[in-house]
Structure formats: structure tokens, C-alpha cells
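S.K.: Single-letter residue listing:
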Amino acid sequence: MAEKSTVYIKISGSTIVEKKKVLLKDISVVQCSDKKIENEMKNIQVFSISENKKNKYVLSSMKVVEEMLKRNSSVDVVNMGENDFIIEYMPNREKGKIFEWVKVCAVSLTVFFGAAFTIMTFNEDVSAEKIFKIYGSIVCDNLPEDDKTIQIAYSIGLPVGILIFFNHISKAKFTSDPTPLQVQLRTYEKDTNSAIIDNASREGKEEDANS
Amino acid sequence: MPIHKILLSILGFTSGILVAAGVFAFIVTIGVVTRMAARTKTAKYAMLYEDMAFLGGTIGNILYLFNFKFNTGILIYSISGLFAGIYVGCLSLALAESLNAIPVFFRRIKLKKGIKFIVIMFALGKAFGSLWQLVFNAS
Chain A
1 MAEKSTVYIK ISGSTIVEKK KVLLKDISVV QCSDKKIENE MKNIQVFSIS ENKKNKYVLS
61 SMKVVEEMLK RNSSVDVVNM GENDFIIEYM PNREKGKIFE WVKVCAVSLT VFFGAAFTIM
121 TFNEDVSAEK IFKIYGSIVC DNLPEDDKTI QIAYSIGLPV GILIFFNHIS KAKFTSDPTP
181 LQVQLRTYEK DTNSAIIDNA SREGKEEDAN S
Chain B
1 MPIHKILLSI LGFTSGILVA AGVFAFIVTI GVVTRMAART KTAKYAMLYE DMAFLGGTIG
61 NILYLFNFKF NTGILIYSIS GLFAGIYVGC LSLALAESLN AIPVFFRRIK LKKGIKFIVI
121 MFALGKAFGS LWQLVFNAS
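Line by line, the protein sequences give chains A and B. First residue of the first sequence? That's 1 in my numbering, and the numbers climb one at a time after it. First residue of the second sequence? That's 1 in my numbering, and the numbers climb one at a time after it.
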């Protein structure tokens with residue numbers, strides 16, 4: 001009697017697919033000591049997309065296991081990845097280079113003017129000019145009115161501080177860590193995916209095994 | 001170089017560094033740029049957006065402290081106002097969201113539908129309040 005083979009899969013939390021037939025190898029890494037079974041499993045269709053437009057689907061790993069057992073009922077499946085995962089269907093990703101450029105410009109301008117506005121309102125809120133006068137009177141008895149030393153030093157210190165915080169000048173990074181905004185984007189993506197998964201399972205729209 | 005200039009330079013420089021850390025940590029953490037980048041699916045340009053924040057902050061600060069007089073005309077004037085307004089609008093709602101005010105309120109009054117309508121009302125209210133304060137009632 002043949003030994004039961006164990007198939008290890010690691011389903012990734014969120015995958016973008018461009019075709020309507022989703023195979024197991026598109027959403028997961030597959031490993032098995034029996035290479036014939038491994039190749040067979042990699043090409044199983046786990047899901048087929050019905051609508052033509054861009055959409056997100058939430059699936060349960062149990063559905064994947066069900067499809068695998070349908071193909072070969074004598075394997076053990078061990079999932080080392082996510083239990084609920086998202087498949088995002090994005091047909092024709094090619095077009096829209098101009099639209100993307102427009103979006104990047106819009107966000108860049110918003111960030112640029114927004115940052116300028118923020119630092120100006122901050123300086124106004126904390127009465128930076130008054131503080132500079134106070135510093136002037138601490139350091140020297142009769143500082144001339146138009147002495148701009150401290151303002152110049154402040155305006156040099158500000159960009160230096162920003163560069164230290166953001167960890168890069170243009171494309172050149174100082175250390176190999178991701179920059180703060182990249183960390184924030186990853187965190188936001190994780191939170192959004194968890195919310196999508198929870199919503200779907202609560203509304204009953206999760207694709208699960210039939211039992 | 002006279003001693004007072006050296007002291008003033010050190011004070012100014014160190015203040016600038018720490019203010020930058022505070023203000024720009026705020027800009028990143030409050031999530032305005034994050035959501036705009038994520039929603040337009042342009043997250044790979046994150047470093048570009050950080051450069052934009054860097055330029056905006058530096059230039060804005062210099063303009064504020066040194067009172068340069070520019071005559072750029074009505075177009076740049078209105079564009080800068082428009083985009084600063086977009087940013088402040090996002091910021092005001094991001095602040096409300098970070099305090100969880102809206103979710104707590106909805107949970108208390110057990111409101112499940114109508115969130116879209118409430119958000120639109122929020123936006124219209126802010127527009128109206130801002131117009132009233134800055135345009136019609138300006139002192």
C-alpha cells in the first residue's frame with residue numbers, strides 16, 4: 001500500500017491575477033516529496049473568475065484543500081500560509097500610463113503644498129518668530145532687528161532633520177531600511193486586507209468549501 | 001565670528017532638526033499621504049512623495065521666515081490654495097479617524113447604513129464653514 005504523501009502549501013495573503021482561471025501555483029508555493037504529485041497539484045484550478053471587471057475575491061484555504069483532495073484523495077495537505085486570502089482580478093493592466101502620470105502629479109502637488117502649509121501653520125501656532133526674538137535677547141544684549149542668523153540656521157536644520165527622518169535624498173538611501181512612508185503603506189495594506197476578509201466572511205461572500 | 005552668532009546658529013540648527021522630526025513624523029503617521037498613495041495605486045512612488053514633502057516643507061519654511069515677495073500671478077496662487085485645501089481636508093478627517101470618534105459614535109447609536117451620506121455631509125459642512133469663515137466673514 002502506497003504511503004500517504006504530504007503536500008506543503010504556503011498560500012500568500014493577497015495575489016493579483018490577470019487570467020480568469022486561477023491555478024494553485026498562482027496563489028501559493030507547493031512542495032511535495034513526490035514530484036509527480038507536486039506538479040499535478042500546482043496545476044489544479046482552485047477558482048474561476050466570473051465577472052469581467054476588476055474585483056477582489058476572498059477565499060478560504062479550506063476551498064483550496066477541497067480542490068486538492070478532489071484531485072488526489074490520498075494526500076495530506078499542510079498549509080503554512082494564510083487561512084483566508086484575497087485574489088484580486090485585474091484584467092488589462094497595460095493601458096493607463098498617462099492616467100497614472102496624472103495621478104502621481106496630483107498626489108505630488110497635494111503633498112508639496114500640504115507640507116508647505118503644514119510647516120507654515122506650525123510656525124505660526126508655536127509663534128516661532130517670538131521664540132527667535134527671545135533666543136536673541138538671551139544670547140546677546142542688543143541684537144540688531146534684522147539679524148537673521150537664527151532663522152537661517154533653523155531653515156538649514158529643518159531640511160537636515162527631514163532627511164534624517166525620511167532616510168533618503170531623492171533615490172539615495174542612507175540605510176537599507178524601508179522609508180517611513182513605505183512602512184506606513186505596508187501597515188495600511190495589511191489592515192485593509194484584514195478588513196476585507198472580515199467583511200466578506202461576515203456577509204457570507206467568502207468562497208469556502210461546500211460542507 | 002562673534003560668539004552670539006555661533007550660539008544662535010547652534011540653537012537655530014538644533015531647533016530645526018527637532019521640529020522637522022516632529023512635524024514630518026506627524027505628516028507621515030497621520031496617514032494622509034498613505035491613503036492618497038494607496039487609493040491611486042501609486043504606492044511605488046512613495047520615495048517621490050517623501051521628496052515632495054521635503055521640498056514643500058523647506059520652501060514653505062523659507063518663504064514664511066524671510067517674507068519674500070513673489071508676483072506669480074493668479075494661477076499659481078489658486079493652484080497652491082486648491083492643493084493645500086485638498087491636503088487640509090484629508091488631514092481634518094484623518095485626525096477625526098485617528099481618535100476613533102466616528103466608529104465609536106456609530107457603534108453607540110447603532111447606525112449601520114448611511115455612512116456614505118454622512119461623509120458627504122461632513123465634506124459639505126466643512127466646505128460651507130470654510131467659505132463662511134474665510135470669504136464671507138473675513139475680518
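You may find that some hints are simply not true.
Capping the alpha-carbon separation at 30 Å, the derived lysine-lysine pairs in DSBU-like fashion look like this [claimed, not checked]:
no.	chain 1	residue 1	chain 2	residue 2
1	A	LYS56	B	LYS69
2	A	LYS103	B	LYS5
3	B	LYS69	A	LYS97
4	B	LYS116	B	LYS126
5	A	LYS54	B	LYS5
6	B	LYS41	A	LYS130
7	B	LYS41	A	LYS148
8	A	LYS190	B	LYS112
9	B	LYS116	A	LYS205
10	B	LYS5	A	LYS130
11	A	LYS103	B	LYS110
12	A	LYS20	B	LYS44
13	B	LYS116	A	LYS56
14	A	LYS36	A	LYS21
15	B	LYS112	A	LYS54
16	A	LYS205	B	LYS5
17	B	LYS116	A	LYS103
18	B	LYS112	A	LYS133
19	B	LYS126	A	LYS21
20	B	LYS41	A	LYS171
21	A	LYS171	A	LYS97
22	A	LYS190	B	LYS110
23	B	LYS44	A	LYS171
24	B	LYS44	A	LYS173
25	B	LYS41	A	LYS54
26	B	LYS44	A	LYS25
27	B	LYS44	A	LYS53
28	B	LYS5	A	LYS56
29	A	LYS54	B	LYS44
30	B	LYS113	A	LYS10
31	B	LYS69	A	LYS53
32	B	LYS41	A	LYS10
33	A	LYS97	B	LYS44
34	B	LYS126	A	LYS205
35	B	LYS113	A	LYS54
36	A	LYS53	B	LYS112
37	A	LYS190	B	LYS113
Just so you know, these hints were derived from the structure itself, not from any lab.
S.K.: A separate judgement is required for each hint: does it hold in the structure or not?
M.R.: Evaluation of the provided hints:
1. A:LYS56 / B:LYS69: 51 Å, violated
2. A:LYS103 / B:LYS5: 46 Å, violated
3. B:LYS69 / A:LYS97: 38 Å, violated
4. B:LYS116 / B:LYS126: Given pair B:LYS116, B:LYS126 holds - Cα atoms ~16 Å apart, limit 30 Å.
5. A:LYS54 / B:LYS5: 62 Å, violated
6. B:LYS41 / A:LYS130: Not OK: B:LYS41 and A:LYS130 at ~43 Å, beyond 30 Å, violated.
7. B:LYS41 / A:LYS148: Outside the cut-off at roughly 43 Å; violated.
8. A:LYS190 / B:LYS112: 24 Å, holds
9. B:LYS116 / A:LYS205: OK: B:LYS116 and A:LYS205 at ~21 Å, within 30 Å.
10. B:LYS5 / A:LYS130: 18 Å, holds
11. A:LYS103 / B:LYS110: Violated, at roughly 37 Å.
12. A:LYS20 / B:LYS44: Holds. A:LYS20 to B:LYS44 sits at ~26 Å (cutoff 30 Å).
13. B:LYS116 / A:LYS56: 21 Å, holds
14. A:LYS36 / A:LYS21: Holds. A:LYS36 to A:LYS21 sits at ~22 Å (cutoff 30 Å).
15. B:LYS112 / A:LYS54: 27 Å, holds
16. A:LYS205 / B:LYS5: 68 Å, violated
17. B:LYS116 / A:LYS103: At roughly 24 Å apart (the allowed maximum being 30 Å), A:LYS103 and B:LYS116 satisfy the hint.
18. B:LYS112 / A:LYS133: 54 Å, violated
19. B:LYS126 / A:LYS21: 47 Å, violated
20. B:LYS41 / A:LYS171: At roughly 20 Å apart (the allowed maximum being 30 Å), A:LYS171 and B:LYS41 satisfy the hint.
21. A:LYS171 / A:LYS97: With a Cα-Cα distance of about 22 Å, the restraint between A:LYS171 and A:LYS97 holds, given a limit of 30 Å.
22. A:LYS190 / B:LYS110: 27 Å, holds
23. B:LYS44 / A:LYS171: Answer holds: B:LYS44 to A:LYS171 is near 12 Å, not above 30 Å.
24. B:LYS44 / A:LYS173: 15 Å, holds
25. B:LYS41 / A:LYS54: Roughly 13 Å separates the two Cα atoms, so the pair holds.
26. B:LYS44 / A:LYS25: 25 Å, holds
27. B:LYS44 / A:LYS53: 24 Å, holds
28. B:LYS5 / A:LYS56: Roughly 61 Å between the alpha carbons, so the hint for B:LYS5 and A:LYS56 is violated.
29. A:LYS54 / B:LYS44: Judged against 30 Å, a Cα distance of about 20 Å means the pair holds.
30. B:LYS113 / A:LYS10: 38 Å, violated
31. B:LYS69 / A:LYS53: 52 Å, violated
32. B:LYS41 / A:LYS10: 26 Å, holds
33. A:LYS97 / B:LYS44: 14 Å, holds
34. B:LYS126 / A:LYS205: Between B:LYS126 and A:LYS205 the Cα gap is close to 36 Å, so the pair fails against 30 Å, i.e. violated.
35. B:LYS113 / A:LYS54: 25 Å, holds
36. A:LYS53 / B:LYS112: 28 Å, holds
37. A:LYS190 / B:LYS113: 25 Å, holds
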